[in-house]
Amino acid sequence: MGKSDKPDIEYRFFDHRKYVEGFIDKMGLRNITLVLHDWGSALGFHYAQRHESNVKGLAFMEAIILPVPSWDMFHQDAAKIFQGFRTPGVGWDMVVNQNMFVEQILPGGIFRKLSLEEMNHYREPFKEPKSRKPVWRWPNELPIEGEPADVVETVETYNRWLQRTDLPKLLFYGNPGALIPAPVLAWCKQNLKHLQTVDIGSGLHYLQEDNPYLIGSKLASWYKSLS
Numbered sequence: 005m006g007k008s009d010k011p012d013i014e015y016r017f018f019d020h021r022k023y024v025e026g027f028i029d030k031m032g033l034r035n036i037t038l039v040l041h042d043w044g045s046a047l048g049f050h051y052a053q054r055h056e057s058n059v060k061g062l063a064f065m066e067a068i069i070l071p072v073p074s075w076d077m078f079h080q081d082a083a084k085i086f087q088g089f090r091t092p093g094v095g096w097d098m099v100v101n102q103n104m105f106v107e108q109i110l111p112g113g114i115f116r117k118l119s120l121e122e123m124n125h126y127r128e129p130f131k132e133p134k135s136r137k138p139v140w141r142w143p144n145e146l147p148i149e150g151e152p153a154d155v156v157e158t159v160e161t162y163n164r165w166l167q168r169t170d171l172p173k174l175l176f177y178g179n180p181g182a183l184i185p186a187p188v189l190a191w192c193k194q195n196l197k198h199l200q201t202v203d204i205g206s207g208l209h210y211l212q213e214d215n216p217y218l219i220g221s222k223l224a225s226w227y228k229s230l231s
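So for the sequence shown, the numbering used here puts the first residue at 5; every next one is plus one.
Mixed in with the good hints, there may be bad ones.
As the list claims (entries may be wrong) - Capping the alpha-carbon separation at 16 Å, the derived lysine to aspartate or glutamate pairs in EDC-like fashion look like this:
1. Lys137 - Asp9
2. Lys134 - Asp214
3. Lys117 - Asp214
4. Lys22 - Asp12
5. Lys137 - Asp214
6. Lys60 - Asp42
7. Lys131 - Glu107
8. Lys22 - Asp9
9. Lys84 - Asp170
10. Lys173 - Glu149
11. Lys197 - Asp214
Don't read these hints as lab results, they were simulated from the structure.
Every value quoted in this text rests on a predicted model; they were computed, and no experiment measured them.
Work out the full structure: start from the sequences and follow the hints.
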């Protein structure tokens with residue numbers, strides 16, 4: 005993603021896992037504090053579940069906590085768009101040819117209006133259609149109504165672990181949120197141990213863009229408390 009190289013791979017969740025965990029091993033990273041968002045949360049939770057002794061704490065926002073049991077959980081307009089992304093041929097055209105995810109979904113997940121300079125930074129790694137394959141793949145990996153089955157199983161497994169682990173956790177949430185709306189937030193508060201929560205105020209999906217300074221300051225103070 006971003007400015008990373010774009011090798012000729014399928015960009016499935018498990019491909020990303022290989023690269024992320026290969027990086028951790030190569031760098032010899034120890035006692036890691038993971039700060040996670042969106043698919044980064046799935047990769048981070050999955051890693052922490054299998055390497056708990058190497059993880060110090062989990063901070064996360066707009067995370068993939070649970071599989072989505074039904075498309076009915078989505079707003080009708082969002083469901084229609086994401087079902088389109090997952091339709092063979094149609095989704096490729098929407099994301100790769102039209103660059104719809106970067107041009108519409110990204111700014112649509114932020115309350116404030118991004119400047120032209122900011123949008124150009126987001127556009128930069130995906131100027132050419134051939135660079136957008138990872139952007140197309142991710143909506144197709146979302147664990148919705150049992151598919152893809154291997155991703156659903158992975159999320160279910162780390163979800164059970166999240167309910168058991170004593171690792172410190174920090175959850176940032178926005179209102180109304182997207183992946184963590186009020187019912188999922190309530191579930192987290194009820195089921196996750198050693199959880200602190202921070203209300204960032206108005207926020208949809210890209211919370212870092214709507215309240216970066218609050219997130220940064222709260223993250224720094226929480227991290228210091230882990231020492």
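Right, here's what the structure says about each hint:
Note on Lys137 and Asp9: the hinted pairing holds, with a Cα-Cα distance of about 12 Å set against a maximum of 16 Å. For the proposed pair Lys134 and Asp214, the alpha carbon gap of about 30 Å is over 16 Å, so the pair is violated. As the CA atoms of Lys117 and Asp214 are separated by approximately 9 Å, the hinted pair is consistent with the 16 Å bound. Taking the CA atoms of Lys22 and Asp12, the gap is about 14 Å. The hint holds against a cut of 16 Å.
Annotation: proposed proximity of Lys137 to Asp214 is violated, straight-line Cα distance about 27 Å (limit 16 Å). Between Lys60 and Asp42, the direct Cα distance comes to roughly 20 Å. Violation of the 16 Å bound is thereby established for this hinted pair. Among the hinted pairs, Lys131 with Glu107 is consistent with the structure: their alpha-carbon atoms are about 11 Å apart, no more than 16 Å. Our distance criterion of 16 Å between C-alpha atoms is met by Lys22 and Asp9, whose separation comes to about 15 Å.
A hinted pair counts as satisfied when its Cα atoms are at most 16 Å apart, and Lys84 with Asp170 does not qualify at roughly 39 Å. Of the pairs offered as hints, the one joining Lys173 and Glu149 is violated, with about 28 Å between alpha carbons and a cut-off of 16 Å exceeded. For the proposed pair Lys197 and Asp214, the alpha carbon gap of about 27 Å is over 16 Å, so the pair is violated.
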